[in-house]
Amino acid sequence: MLEVKNVTKRFFNLVALNDVSLQIPRGEVVGILGPNGAGKSTLFKIISGILNPDGGFVRPIGPAWPAIAYKPDRLHFPSQMRVREYLILTSRVCDVPQRKAKTAVDNALDLVNLTYAAEKRVATLSKGMRQRLGLAQTLIGNAPLLLLDEPSNGLDPEGQIEIQGVIKALHAAGKTVLLSSHQLQEVTDICTQLIILNNGTIRYRSSMEAALATRPHVTIEVDRDLFAITSALQHLHSDITVDEKKVFLHDDAIALRRRILTLLLGAGYDVVHVEQQRTTLAEIYSKAINE
Amino acid sequence: MMSRIIALTGYLLRNVVLSVAGVLYILSIIPMLIWFFPFGQRTPELSYFITLIAIYGAILIFLVTLTIAGRANQAASYALIVRLPSRVEYLVAVLLAAIVFATAIQTGLAVIVLLQPAGPEASFGRLLEIPPLWLSINIFMAVLALHATDFVMSNWSRVIVFGLLTILLFTQSVNARTLSWFSTRLSIMAQFFARQGMLGLTQFFNNASGWVTDSGGGFFSQVIGFIFWPFRAMSDAVKTGSFDSAQALAPAIVLLYATILFMIASDLFANKDLHFVE
Numbered sequence: 001m002l003e004v005k006n007v008t009k010r011f012f013n014l015v016a017l018n019d020v021s022l023q024i025p026r027g028e029v030v031g032i033l034g035p036n037g038a039g040k041s042t043l044f045k046i047i048s049g050i051l052n053p054d055g056g057f058v059r060p061i062g063p064a065w066p067a068i069a070y071k072p073d074r075l076h077f078p079s080q081m082r083v084r085e086y087l088i089l090t091s092r093v094c095d096v097p098q099r100k101a102k103t104a105v106d107n108a109l110d111l112v113n114l115t116y117a118a119e120k121r122v123a124t125l126s127k128g129m130r131q132r133l134g135l136a137q138t139l140i141g142n143a144p145l146l147l148l149d150e151p152s153n154g155l156d157p158e159g160q161i162e163i164q165g166v167i168k169a170l171h172a173a174g175k176t177v178l179l180s181s182h183q184l185q186e187v188t189d190i191c192t193q194l195i196i197l198n199n200g201t202i203r204y205r206s207s208m209e210a211a212l213a214t215r216p217h218v219t220i221e222v223d224r225d226l227f228a229i230t231s232a233l234q235h236l237h238s239d240i241t242v243d244e245k246k247v248f249l250h251d252d253a254i255a256l257r258r259r260i261l262t263l264l265l266g267a268g269y270d271v272v273h274v275e276q277q278r279t280t281l282a283e284i285y286s287k288a289i290n291e
Numbered sequence: 001m002m003s004r005i006i007a008l009t010g011y012l013l014r015n016v017v018l019s020v021a022g023v024l025y026i027l028s029i030i031p032m033l034i035w036f037f038p039f040g041q042r043t044p045e046l047s048y049f050i051t052l053i054a055i056y057g058a059i060l061i062f063l064v065t066l067t068i069a070g071r072a073n074q075a076a077s078y079a080l081i082v083r084l085p086s087r088v089e090y091l092v093a094v095l096l097a098a099i100v101f102a103t104a105i106q107t108g109l110a111v112i113v114l115l116q117p118a119g120p121e122a123s124f125g126r127l128l129e130i131p132p133l134w135l136s137i138n139i140f141m142a143v144l145a146l147h148a149t150d151f152v153m154s155n156w157s158r159v160i161v162f163g164l165l166t167i168l169l170f171t172q173s174v175n176a177r178t179l180s181w182f183s184t185r186l187s188i189m190a191q192f193f194a195r196q197g198m199l200g201l202t203q204f205f206n207n208a209s210g211w212v213t214d215s216g217g218g219f220f221s222q223v224i225g226f227i228f229w230p231f232r233a234m235s236d237a238v239k240t241g242s243f244d245s246a247q248a249l250a251p252a253i254v255l256l257y258a259t260i261l262f263m264i265a266s267d268l269f270a271n272k273d274l275h276f277v278e
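Which chain is which? The protein sequence lines are A and B, in order. Sequential numbering from 1 applies to the first sequence in my numbering. Sequential numbering from 1 applies to the second sequence in my numbering.
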């Protein structure tokens with residue numbers, strides 16, 4: 001849907017984005033992870049056209065620019081307006097026909113569970129309600145690409161689950177979503193693509209499926225201390241670590257697992273427990289950030 | 001496009017009308033009435049009425065544009081701007097809102113003054129001359145005010161636009177004494193370069209000094225006079241009570257200036273990084 005190519009952005013001496021290239025494929029939910037100051041919001045602002053890149057460009061993959069809806073990370077609304085009035089204004093800016101505007105607003109409010117606050121002034125909304133309103137305004141006008149900068153920030157767990165449900169429903173309806181979050185579980189649950197950004201550069205990119213499928217961990221526990229054969233085990237492969245009664249295999253190859261078990265059994269150990277664990281997003285994130 | 005601009009204009013208008021600044025702008029009619037058009041006291045001439053309310057309108061619209069642009073320059077607008085096919089639509093809405101609000105207040109003041117029992121007497125034909133005059137000045141001032149705002153300003157644009165305007169206004173007031181001072185400075189520079197043995201520059205500054213003394217005044221007054229002609233023409237026409245065929249073009253030329261300034265403003269706004277106030 002969109003291609004970001006070699007984008008660089010500087011704020012005086014600070015390089016916020018450095019030669020960032022990525023694609024946002026149609027129909028995918030692309031999750032962007034990264035610590036504060038990694039350049040996530042700057043990337044969102046460049047894609048939405050609020051900021052101009054100092055180098056590189058953003059271009060559509062296809063003949064025309066897709067309509068974009070954007071929820072900024074820091075939410076500001078015209079404080080004197082009521083929730084419904086603000087969404088009606090958004091619908092008019094998005095060229096929603098007047099006769100359909102009310103339905104569009106009602107649907108958006110219903111989806112984010114904010115119907116009860118439709119007549120409240122924006123200034124009186126709680127942080128969680130403002131997050132919902134921020135998401136609701138992106139639903140108006142049927143934009144095919146949604147940029148959601150920290151959509152569930154400030155929401156209680158129930159609210160986070162609701163918002164995740166909305167994003168999943170949008171994905172199912174064929175929308176393309178680019179979202180940033182600090183909540184790894186949220187990204188794991190709803191994103192189909194993963195990008196990890198740190199210090200303005202992309203440190204990791206993969207489909208979520210591939211990211212979580214690769215390199216499962218295996219832990220083999222034996223009946224007594226492994227001190228006697230530690231060096232023999234570590235000679236088998238560099239990805240093997242030993243800790244008292246446990247052998248950790250970070251790269252699960254069946255052949256290697258067999259060799260470890262053969263060595264352990266041959267040395268007279270009893271294997272009491274074998275556990276296979278998938279790589280978690282936290283591990284991927286931690287590794288990408290600390291590299 | 002028009003429906004989007006109208007929606008945003010309505011939003012910005014509502015934003016300013018419901019603010020303290022908006023109420024103060026509306027209330028500014030009262031001191032105008034008290035000081036310049038006191039009730040019961042006959043307004044001397046129609047030209048006085050037209051000129052005074054034109055000046056009031058020009059100052060008012062400058063301030064109103066600063067206010068509306070300041071309010072448009074807030075982070076609440078990010079989500080709306082992203083939805084627009086062109087950012088310039090938002091700039092047009094800011095300009096329209098300022099023109100509508102300020103012109104409505106100006107018209108309100110004019111109607112109150114005209115309806116006073118001792119208000120100025122004006123034929124329908126003369127009243128018809130007023131809208132192009134006031135409107136062209138209002139639009140020009142609104143666009144000029146846009147360049148003074150952070151909303152439109154990019155890099156050194158504000159310094160360049162208002163610096164140029166200051167130079168034009170300064171040059172307009174150039175007189176024989178100023179030219180003589182300037183000519184002397186050029187002569188001093190010529191002498192300095194002569195002492196350094198730089199004959200080419202010495203010759204250049206000597207020639208420039210001579211040109212300023214002989215024909216500089218005429219040249220400057222012609223160039224600057226041409227630029228400021230529409231404003232002088234409108235002022236003259238209001239004083240004499242009728243527009244001749246050349247003077248009738250003056251509002252159109254002021255609108256041309258406004259168009260050029262707006263094209264610069266829209267180019268700046270379309271290509272700048274938006275750092276709205278949070």
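Just so you know, the hints here were simulated from the structure itself, not pulled from any lab data. None of the values given here were measured: they were computed from a predicted structure. Errors might be hidden in some of the hints.
Stated by the list, open to error - As a list, the in silico DMTMM-like pairs of lysine to aspartate or glutamate whose alpha-carbon atoms are at most 20 Å apart:
id, chain 1, residue 1, chain 2, residue 2
1, A, 5, A, 73
2, B, 272, A, 54
3, B, 272, B, 45
4, A, 246, A, 275
5, A, 5, B, 273
6, A, 100, A, 73
7, A, 287, A, 239
8, A, 127, A, 54
9, A, 127, B, 89
Unchecked claim - DEER-style ranges, computed between Cβ atoms:
id, chain 1, residue 1, chain 2, residue 2, range
10, A, 63, B, 154, 25 to 33 Å
11, A, 185, B, 86, 38 to 46 Å
12, A, 3, B, 163, 58 to 66 Å
13, B, 271, A, 283, 50 to 58 Å
14, B, 86, A, 283, 53 to 61 Å
15, B, 159, A, 174, 31 to 39 Å
16, B, 165, A, 156, 51 to 59 Å
17, B, 275, A, 21, 54 to 62 Å
18, A, 116, B, 117, 38 to 46 Å
No residue lacks a Cβ here, since even glycine has one placed at the ideal position from N, Cα and C.
Against the structure, the hints:
no., hint, in the structure
1, A/5 x A/73, "23 Å, violated"
2, B/272 x A/54, "11 Å, holds"
3, B/272 x B/45, "48 Å, violated"
4, A/246 x A/275, "11 Å, holds"
5, A/5 x B/273, "19 Å, holds"
6, A/100 x A/73, "29 Å, violated"
7, A/287 x A/239, "15 Å, holds"
8, A/127 x A/54, "34 Å, violated"
9, A/127 x B/89, "30 Å, violated"
10, A/63 x B/154: 25 to 33 Å, "31 Å, holds"
11, A/185 x B/86: 38 to 46 Å, "40 Å, holds"
12, A/3 x B/163: 58 to 66 Å, "41 Å, violated"
13, B/271 x A/283: 50 to 58 Å, "43 Å, violated"
14, B/86 x A/283: 53 to 61 Å, "45 Å, violated"
15, B/159 x A/174: 31 to 39 Å, "49 Å, violated"
16, B/165 x A/156: 51 to 59 Å, "55 Å, holds"
17, B/275 x A/21: 54 to 62 Å, "25 Å, violated"
18, A/116 x B/117: 38 to 46 Å, "57 Å, violated"
Of the hints listed earlier, those the structure fails to meet are numbers 1, 3, 6, 8, 9, 12, 13, 14, 15, 17 and 18, in rising order.
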